[in-house]
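Peer 1: Top to bottom, those sequences are chains A and B. 1 is the number of the first residue of the first sequence in the UniProt record's numbering; add one for each residue after it. 1 is the number of the first residue of the second sequence in the UniProt record's numbering; add one for each residue after it.
FYI, nobody ran anything at the bench for these hints, they're computed from the structure. Note that the structure is a prediction, hence the values are computed from the model and not measured.
Examples of chain B residues toward chain A, derived with CB under 8 angstroms:
{"#": "1", "residue": "V253"}
{"#": "2", "residue": "R273"}
{"#": "3", "residue": "T274"}
{"#": "4", "residue": "L275"}
{"#": "5", "residue": "S276"}
{"#": "6", "residue": "G277"}
{"#": "7", "residue": "A278"}
{"#": "8", "residue": "E364"}
{"#": "9", "residue": "S365"}
{"#": "10", "residue": "A368"}
{"#": "11", "residue": "A369"}
{"#": "12", "residue": "E370"}
{"#": "13", "residue": "S371"}
{"#": "14", "residue": "W372"}
{"#": "15", "residue": "T373"}
Below, in silico cross-link-like pairs of lysine to any residue (SDA-like), each with a Cα-Cα straight-line distance of 20 angstroms or less:
{"#": "16", "chain 1": "A", "residue 1": "K51", "chain 2": "B", "residue 2": "A419"}
{"#": "17", "chain 1": "B", "residue 1": "K367", "chain 2": "A", "residue 2": "S40"}
{"#": "18", "chain 1": "B", "residue 1": "K324", "chain 2": "B", "residue 2": "A419"}
{"#": "19", "chain 1": "B", "residue 1": "K344", "chain 2": "B", "residue 2": "V318"}
{"#": "20", "chain 1": "B", "residue 1": "K367", "chain 2": "A", "residue 2": "Q69"}
Rough simulated footprint, nothing fancy, chain B against chain A, three-plus residues with beta-carbon under 8 angstroms:
{"#": "21", "region": "16-29"}
{"#": "22", "region": "43-53"}
{"#": "23", "region": "64-70"}
Cβ atoms here follow ideal geometry from the backbone N, Cα and C, with glycine treated the same way.
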Amino acid sequence: MSELNMKSLEAKVVVLGSQGVGKTSVVIRYVGGMFSKAVSPTIGASFFTYKLTLEQYRVKLQVWDTAGQERFRSMAPMYYRKANAAMLVYDITSLESFYDIKDWVKELKKNVDTPIVLCLLGNKSDLDSGRKVSKEDAEEYASSIDALFFETSALKNTGIEDAFLQVSKHLIHLYETVPNSGMGSLIAQQAPDMFVPNQGMVLSNRNQDSASPPQTSNCSC
Amino acid sequence: MAAEVREAEQIVNVSDSESGQSDFIETEIPGKSNNSLLVASDEFDDISYEELNNGALQAAPMGTINALVKRKVKRQHSIIESDGRQSTVSEDDIANDVENESSEISGDDTQDDNLVLESNLADLSLQESGSLPLEIPSPHLISSTNSETDYVNSIEWKQQKKHIFILSDSGKPIYSRHGSEDKLVTIMGVMQALVSFVADSDKDNLRSIVAGDHRFVFMTRDHLTFVGVTRGKESTQQMLLQLTYMYNQVISVLTLSTLTRIFKSHRNYDLRRTLSGAEKFFDNLLNLMDVEPGLLLSSVRCLPLDSAVRDNISQTIVQYAKVKDLVFALIIAHNQLVAVVRMKKYYLHPMDLHLILNLINASESFKAAESWTPICLPKFDAAGFLQAHVSYLDDECHTCLLLLSVDIEAFYVLSECKAKIQEKLKKYNALAAINNSLRRNSYSIQQCSINDLRHFLYKARSTSQYTSPELEAPYNTKEEQERLFGLYYYLHDRIHTSGRPLKILFHVGPYETLLGWVTPGFELFAVFGPLVTKITAIHAVNKLLRWIKKEEDRLFILSSVTF
Chain A
1 MSELNMKSLE
11 AKVVVLGSQG
21 VGKTSVVIRY
31 VGGMFSKAVS
41 PTIGASFFTY
51 KLTLEQYRVK
61 LQVWDTAGQE
71 RFRSMAPMYY
81 RKANAAMLVY
91 DITSLESFYD
101 IKDWVKELKK
111 NVDTPIVLCL
121 LGNKSDLDSG
131 RKVSKEDAEE
141 YASSIDALFF
151 ETSALKNTGI
161 EDAFLQVSKH
171 LIHLYETVPN
181 SGMGSLIAQQ
191 APDMFVPNQG
201 MVLSNRNQDS
211 ASPPQTSNCS
221 C
Chain B
1 MAAEVREAEQ
11 IVNVSDSESG
21 QSDFIETEIP
31 GKSNNSLLVA
41 SDEFDDISYE
51 ELNNGALQAA
61 PMGTINALVK
71 RKVKRQHSII
81 ESDGRQSTVS
91 EDDIANDVEN
101 ESSEISGDDT
111 QDDNLVLESN
121 LADLSLQESG
131 SLPLEIPSPH
141 LISSTNSETD
151 YVNSIEWKQQ
161 KKHIFILSDS
171 GKPIYSRHGS
181 EDKLVTIMGV
191 MQALVSFVAD
201 SDKDNLRSIV
211 AGDHRFVFMT
221 RDHLTFVGVT
231 RGKESTQQML
241 LQLTYMYNQV
251 ISVLTLSTLT
261 RIFKSHRNYD
271 LRRTLSGAEK
281 FFDNLLNLMD
291 VEPGLLLSSV
301 RCLPLDSAVR
311 DNISQTIVQY
321 AKVKDLVFAL
331 IIAHNQLVAV
341 VRMKKYYLHP
351 MDLHLILNLI
361 NASESFKAAE
371 SWTPICLPKF
381 DAAGFLQAHV
391 SYLDDECHTC
401 LLLLSVDIEA
411 FYVLSECKAK
421 IQEKLKKYNA
431 LAAINNSLRR
441 NSYSIQQCSI
451 NDLRHFLYKA
461 RSTSQYTSPE
471 LEAPYNTKEE
481 QERLFGLYYY
491 LHDRIHTSGR
501 PLKILFHVGP
511 YETLLGWVTP
521 GFELFAVFGP
531 LVTKITAIHA
541 VNKLLRWIKK
551 EEDRLFILSS
561 VTF
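With the hints as constraints, model all of the structure from the sequences given.
Peer 2: The following block contains the structure:
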């Protein structure tokens, strides 16, 4: 079944969440493989690309790391428009940042009409002593919005690889099952991807066992 | 009546000489070009309380972006008409886009816009009242633990050379240069009381107060009050210029439309919520003002480069960034301009360029990856945002490329342009040339080989660019540099004093002799050793002008390149 020539897939992933929860740290940990204590607040949004090979697919993730500052809030639609996946990041030591996720989900549900993979990330899991958001609450919420859920630590590098891997798997699944998922070459695809009447996508939580670990090739621009 | 108290003239030995003028040979003006890339601006002369009160300055440019966007919509529609395969869906899509854009950009309010905005604002206020009172994180909060009054009375706070405050019409603190605004509620209340007392009693405006060696300067614009307090050499008008920069920075972050909208519906709105995260731009801009004469001169410094290399860079940009809706493309290295390419008919204003420099200068985050961020350039269009594609071209993050577009969807296209430009500039060794120039530091005063000339600022008025040598001994300590800046402030103020502008000023001070000379073509401020006579100084500046003329191709961008 497996062809010699790999299929390729390009997907837009947007990273959302409140100020200071560690969106940039998570992305830089994943894309650049490092952690810096002095990450400067993002201005507007930063753009990263990441390539991995998974299930006969060459997956190219176009990651939009958005600014959490209030003043950029009204710009958010510009960044999550036509996104195929959204990483919703909160800080496990901040209840506020967890509640903010609900606003993001509401906003995405209202404004994004293409199927989208949601993934909830509870970041800073290394700060367990200051935890304000229990894992159970987050898990429950994640399943209520059909989202994947991971607790991550950009500092300790836990959970992040896994999260992006599972998101990529779901993206492939989406690509294979929904014809108009809007994935492909993003630059060519400008207009004709609207109105996919498929909203009730059920994304079951971690029913796929670990596939072969991704052969990751690094590419940051 | 304006409450303005003037300090007595202290300096003697000032001769405002008109007679010496015949000795000045006006050679061909160095750095002059009829083909400018920047708006030729004398912002300083334009800024005065009269203008402010007449509302002349208030008439900020609005609708430039809208006009550009409208043109684009027209174009897209014509594409659709010619291309039958396009469905109606995509046309709707475009219409939606335009609506979205205009909700952020438009100056003229359509009803839909208003509805959207009102609901947005309602959301905002709901969030504010509904959720727990959100502590605005402030970098200043950490440093001080004293109680409010203790803090304001602390010696450290009182001895700051310059304070800048921003507060709202209703007296709510928005920003303070030193110390946390939270702790300054009382003092800001006093400022608000002073401003509104004068305004109420006589339909007048409070302009400035001089108390001891402190000068308090007030500026009220668009529901905001800006207050500057200085012990330095800045004149009232120069402080007003600095406050105007602060105002522009606020607009750059929010746009004028948003600002007025917010305060129209919520007079009591705490603007810090919306500005949170932007404090570092204010801080950085104020720091920049203390070390960068370009802000005082409304002009920018170019990175010295062979004109052939510079042409090559501009042509590369033109060739590989020929994209619809791209208004400006510029390359910046260490606060210096390397190249600018602009859309025909649109010019960049030096004040806007300073905001761009400040944006790049203040944020490390651009070094991590390509960024796509909104920025409002108040002199270009105060009502809306341009979208900026920001990226560094070299691994060491010295050389920054900015592509400013009116199309919010242009990121991927511009990203491709950037890759090509980067590749070509590497291939042509242009990036290496830029790095070389950066490493060499601008130039030494000794290269001009003029005895006893210690430092100078030269601004070519037609191109809004200036040049000056490196700061060398005796101006190699922070105190001496500050003193030198004080001298320039003094000279600049005397020459530009609104009541009695001068053409030439020769001033002998205790430690140095100053010569200021302003013509329609240029402004020159030169600092000599203390024993230089007027004749020597005049010969020296003539020689200096010849030297700058000889070097002008390298020091200035003389040709303006358009897409």
